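Sequences and hints are given; from them, build the entire structure.
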Amino acid sequence: MELARQPGYSTAPEWARELGFGSGMGIPNMEANSDRLEIRSRVGEGTVIRATILRRKSEAAGGRRETGS
Numbered sequence: 136m137e138l139a140r141q142p143g144y145s146t147a148p149e150w151a152r153e154l155g156f157g158s159g160m161g162i163p164n165m166e167a168n169s170d171r172l173e174i175r176s177r178v179g180e181g182t183v184i185r186a187t188i189l190r191r192k193s194e195a196a197g198g199r200r201e202t203g204s
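Residues in the sequence shown are numbered consecutively from 136, following the working numbering.
Since the hints were made in silico from the structure, they are not lab data.
Treat the hints with caution; some may be incorrect.
If you anchor each label on the Cβ, the simulated ranges turn out as follows [what the hints assert, rightly or not]:
1. Phe156 <-> Val178: 21 to 27 Å
2. Lys192 <-> Leu138: 35 to 41 Å
3. Ile188 <-> Gly143: 21 to 27 Å
Just so it is clear, the structure is predicted and the values come from calculations on it, not from any experiment.
Note that the Cβ used here is the ideal one computed from N, Cα and C, for glycine as well.
Shown next, in the form of structure tokens:
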């Protein structure tokens, strides 16, 4: 699990990396952009990833939040 948290670590084959997939930045980016990141994994069962992003007080009080649409 610790390897997956290292920027650049990937198990993707070379052909997938050439297409821009499997750069190894998914989990590091999720950690950088969430307040809490939990990863649970069991061989033969699968993996659960839970990212928590806390609301700021201004958003919780009905403040306006801009989106990139």
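Here is how each hint holds up against the structure:
1. Under the hint 21 to 27 Å, the C-beta atoms of Phe156 and Val178, about 24 Å apart, fit the expected range.
2. For Lys192 paired with Leu138, a C-beta distance near 37 Å keeps the hint of 35 to 41 Å intact.
3. For Ile188 and Gly143, the Cβ-Cβ distance of about 24 Å falls inside the hinted range of 21 to 27 Å, so the restraint holds.
Checked against the numbered hints given earlier, the structure satisfies every one of them.
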